[in-house]
Amino acid sequence: MYETNYHRASSIDDAVAQFAKGTDSKFLSGGQTLLPVMKQRLAAPSDVIDVAKIKDMIGIEVSGDTVTIKAATTHYDVAQSDAVQKAIPALANLASMIGDPAVRHRGTIGGSLANNDPAADYPAAVLALGAVVKTNKRSIPAEDFFKGLFSTALEDGEMITAVSFPVPAKAGYAKFPNPASRFALTGVFVAKTKSGDVRVAATGASQSGVMRVAPIEQALKANWAASALDSVTIPASGLLADIHGSADYRANLVKVMGQRAVTAAG
Amino acid sequence: MGVEGIGARVVRKEDRRFITGQGRYVDDVKMVGMSYAHFIRSPHAHAKVKGINSTEAMKMPGVIAVLTGQQIVDDKVGNLICGWAITSKDGSPMKMGAWPAMAPETVRFVGQAVAVVIAETKNQAKDAAEAVVVDYEELPAAADIKAAIKPGAPQLHPEAPGNIVYDWHLGDEAAVKDAFSKAANVVTLDLTNNRLVPNAMEPRAAVAHYDQAEEHYTLYTTSQNPHVARLVLSAFYNIAPEHKLRVIAPDVGGGFGSKIYIYPEEMVALWASKKVGRPVKWTGDRSEAFLTDAHGRDHVSKAEMAFDKDNKILGLRVKTHANFGAYMSLFSSAVPTYLYATLLSGQYVIPAIYAEVIGVYTNTTPVDAYRGAGRPEASYLIERMMETAARQLKVDPAELRKKNFITTFPYQTPVIMAYDIGDFHASIDAAMKAIDYAGFPARKAKAKADGKLRGIGVSCYIEACGIAPSKAVGSLGAGVGLWESAEIRVNPVGTIEVLTGSHSHGQGHETTFCQIIAERLGVPISQVSIVHGDTDKVQFGMGTYGSRSLAVGGTAIVKAMEKVEAKAKKIAAHALEASESDIVIENGEFKVTGTDKSIALPMVALAAYTAHNLPDGMEPGLKETAFYDPTNFTFPAGAYICELEVDPGTGKTSFVNFVAADDFGRLINPMIVEGQVHGGLAQGIGQALLEGAVYDDTGQLVTASFMDYTMPRADDLPSFQLSHTTTLCPGNPLGVKGCGEAGAIGASAAVINAITDAIGNNKLEMPATPDRVWHAIHG
Ligand SMILES: Cc1cc2nc3c(=O)[nH]c(=O)nc-3n(C[C@H](O)[C@H](O)[C@H](O)COP(=O)(O)OP(=O)(O)OC[C@H]3O[C@@H](n4cnc5c(N)ncnc54)[C@H](O)[C@@H]3O)c2cc1C
Chain D
1 MYETNYHRAS SIDDAVAQFA KGTDSKFLSG GQTLLPVMKQ RLAAPSDVID VAKIKDMIGI
61 EVSGDTVTIK AATTHYDVAQ SDAVQKAIPA LANLASMIGD PAVRHRGTIG GSLANNDPAA
121 DYPAAVLALG AVVKTNKRSI PAEDFFKGLF STALEDGEMI TAVSFPVPAK AGYAKFPNPA
181 SRFALTGVFV AKTKSGDVRV AATGASQSGV MRVAPIEQAL KANWAASALD SVTIPASGLL
241 ADIHGSADYR ANLVKVMGQR AVTAAG
Chain Y
1 MGVEGIGARV VRKEDRRFIT GQGRYVDDVK MVGMSYAHFI RSPHAHAKVK GINSTEAMKM
61 PGVIAVLTGQ QIVDDKVGNL ICGWAITSKD GSPMKMGAWP AMAPETVRFV GQAVAVVIAE
121 TKNQAKDAAE AVVVDYEELP AAADIKAAIK PGAPQLHPEA PGNIVYDWHL GDEAAVKDAF
181 SKAANVVTLD LTNNRLVPNA MEPRAAVAHY DQAEEHYTLY TTSQNPHVAR LVLSAFYNIA
241 PEHKLRVIAP DVGGGFGSKI YIYPEEMVAL WASKKVGRPV KWTGDRSEAF LTDAHGRDHV
301 SKAEMAFDKD NKILGLRVKT HANFGAYMSL FSSAVPTYLY ATLLSGQYVI PAIYAEVIGV
361 YTNTTPVDAY RGAGRPEASY LIERMMETAA RQLKVDPAEL RKKNFITTFP YQTPVIMAYD
421 IGDFHASIDA AMKAIDYAGF PARKAKAKAD GKLRGIGVSC YIEACGIAPS KAVGSLGAGV
481 GLWESAEIRV NPVGTIEVLT GSHSHGQGHE TTFCQIIAER LGVPISQVSI VHGDTDKVQF
541 GMGTYGSRSL AVGGTAIVKA MEKVEAKAKK IAAHALEASE SDIVIENGEF KVTGTDKSIA
601 LPMVALAAYT AHNLPDGMEP GLKETAFYDP TNFTFPAGAY ICELEVDPGT GKTSFVNFVA
661 ADDFGRLINP MIVEGQVHGG LAQGIGQALL EGAVYDDTGQ LVTASFMDYT MPRADDLPSF
721 QLSHTTTLCP GNPLGVKGCG EAGAIGASAA VINAITDAIG NNKLEMPATP DRVWHAIHG
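Protein chains in written order, with the working numbering: chain D, 1 to 266; chain Y, 1 to 779.
Hints in this document: simulated from the structure, not taken from any laboratory.
A few of these clues could be false.
What the hints assert, rightly or not - A few chain Y residues that face chain D, going by a derived Cβ cut-off under 10 Å, partial list only:
1) E120
2) N123
3) D127
4) V592
5) D616
6) T650
7) S654
8) L689
9) G692
10) S705
11) F706
12) R713
13) K763
14) L764
15) P767
16) P770
Ideal placement from N, C-alpha and C gives every residue a C-beta, glycine not left out.
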């Protein structure tokens, strides 16, 4: 690791101010992505601003039809939350499947979304549920937030503070883990909104990161049942291919995981 | 059996320190004035090193030296050696290129070191390494066997035209041809044995110290055989004569073969410690382990088996290409030859066998012995062949095996090995019973109704362990003898130290070896300590690999104990005024049989050291040494059966059951044996389902971290059902055979046979990832 200056921020304002002072600052949340990258000398931030202990960044609130998860809430806390389990069980289930216990106890939703790994789990939920990403400056709808592999709508120094999820009528997540990393080789999140709309997002599959899956959405709109996807074909073009899965394999997984997500959603 | 004697499930003595974080590993060693080494490694698979500029690096904070390959050549440090000479079919010796510890001119694999920075801290060494400018001229690379042997392929070493190290054969070609001409059926099989990265939990490390006053070197290193390391470092690398070099392998966190070899980094640390006049520490990280620890396996084979009309095997023909990587590692040449082709008879009567093995250089990390070493490759080939044959001949795979089992011993195979003893029917019967083989069709039908593809696969392995009679291996080209030594010191107060040339890096020697003493003397194991891993303490030794520690090292302990007991009995008889032949040893006492007269071990020991009243002419002291050279290999064998389900939607495999019936001869500590089998099975299953080193066409290792290289985890594995059927090894007094590699040798074929059974076709290579299985199902 290269030498760096570490700051523990006391508030959101303090974090943003500290960030601005460094020449090449980075926010640090759970450190489950940033620290390994720094240890391998692939990142050399001048300053690291730790946001994980800021009180206003931790916790889960449910009000009416909205579940708000503060950015530095760990995957473990989301998975264990009674409120999330009750309001959006698929989201708690998704969090319980991220990485391993060590990762879940440190990794956070804000860090995961800011990082936007094409194989991360949360982006599928955020996109399928039509969540809103809150930052220190603005509210960004899911549609506008994800900008392809490892890039987002966040500006330099802009910090995620929370994510608000509308409570759906039904939702389910099915993940096929990469055998080595246990990230999603393909994960599919299906949601039926309270207004009857159907939104489906797949992670791990596309060369441009998390994506909506129109053919599955259409089929499920007509008939919310796993069998409704039997005749759907997912084109392999534009999908990722690597030693763990070819593009046609991933196309198959989008469909099969979509079916299993519907079954899980009930 | 006493509570701590042979056969007792004694909790491992060493685990207290490991589990409480008090193990002492190489990286825990700190010395006054210690400096840190960081290697500069080639990012290219094949390139000329045109220049190394360290001017800027030398100016950086904390930098002590930047040393290059040319300097190591100038200092006349020897090239790395390959210790087993193989002769090609045509009588020519194997063709090897030189492997300097750091490359002065040409790099031949990604990760090969070209220079080293020595600095005050590890981070300073890393910073400076980034400032060293290496000028490479890239060359085309041959990243796998196919690319290396095709006409016009890039050449690695001028000494080895066509990248061929050797073209070796074993067996009777004419007899095999004859057998095939009489065959009623011939079964053919093409298969790949995937390349594996060992990934011991502890990466390799070295701490080297040169004592100028004594002109003496000390090397702490992660070695499975510190004496062999000392021998090689002095005799071949010219770093120091043996009496001026102490090698210590303290607690070592796993080896699996990869820590047998004496690598460039350890050599360079030792050489550099004199050059810079400071102790030098190098601790590899996981990325370096992926790139530089010797990999395992990597065979491409074609096999044909001939059967008569009664489904009896007539002959076997095998042609294997073995990938050695860019250089010939210490024992690499023996692995696909004498540790592989000699096991191609498996558990079967095969009247004629002919094997050809072509060793190939490629621009990849060197390949050498890895848990099982040659035997997993042989067993995988034979056992997939038997399963494939059974399906083609439309007979039950278990029955086909039983029909062809060797049943009389000793049995001379056509490929050198003479099996001393075994009972192959007993193990397969035990495994079939444990898994309810007869009930499988009903279970398969039920699974089908639930949308799952269920399969069952058998694997009957045999291996040669306890490597081996020195004379025999010497006649086959080995550069060393493969005996083992032991020294027993009974201290004046009756405590016992056992010095062994074996080395424990996870195997539990500190417990198992104590149990042998406890059994013989009736003393508690707390009174016995095992000393190993230090060339200044232990007389000599050949180390631990090839499941040899107990069969060879344990037997040396027994031989030394026999001498100790003989002397102690004389002393006891003298003290008790009895006849030596009337003395028996019980519960730590020497008794005159049939009387109540006895003398306790501590009193005998004290008498030996006070020497006030010893029998006439007897030397004082109670300490004996034995060097034991076995008369044959040992032959552990067994039957594994795996039942699993494949999810046709995703190609994912889930285990239903995995049973193992092993014959390891006598078990000293069944709990430790089970642990060894569990670990071996995990590696065998890992090879079958998960693990595979993948290079791209340019020779970059794609699976260079755990994000892409799938190490087996607990939830990838079934809960194993183990059992033992026992035939005692006639070759050693303990009747033991060895258990360290069996799981890794036998498991892979059982898994693949079960998957191919489940999906109904044989078009599947390891690792059988969900992606591959899904494609095998859906085309
Ligand atoms: C072994 C392992 C397995 C994993 N498996 C999975 C998996 O199965 N599924 C999955 O989805 N993920 C997985 N992860 C990733 C894990 O979920 C991480 O938690 C996540 O990617 C990053 O979150 P973090 O809180 O650790 O962020 P950090 O590592 O601290 O930061 C990541 C990035 O986000 C930025 N950042 C952090 N917080 C904020 C903020 N509030 N506002 C703006 N930018 C911010 C940082 O500057 C940095 O660039 C795994 C990680 C590991 C190490």
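Tested hints:
no. : hint : in the structure
1   : E120 : violated, 15 Å
2   : N123 : holds, 8 Å
3   : D127 : holds, 8 Å
4   : V592 : violated, 62 Å
5   : D616 : violated, 69 Å
6   : T650 : holds, 6 Å
7   : S654 : violated, 13 Å
8   : L689 : holds, 8 Å
9   : G692 : holds, 8 Å
10  : S705 : holds, 9 Å
11  : F706 : holds, 6 Å
12  : R713 : holds, 9 Å
13  : K763 : violated, 15 Å
14  : L764 : violated, 15 Å
15  : P767 : holds, 9 Å
16  : P770 : holds, 7 Å
The structure fails hints 1, 4, 5, 7, 13, 14 (numbered hints given earlier, in ascending order).
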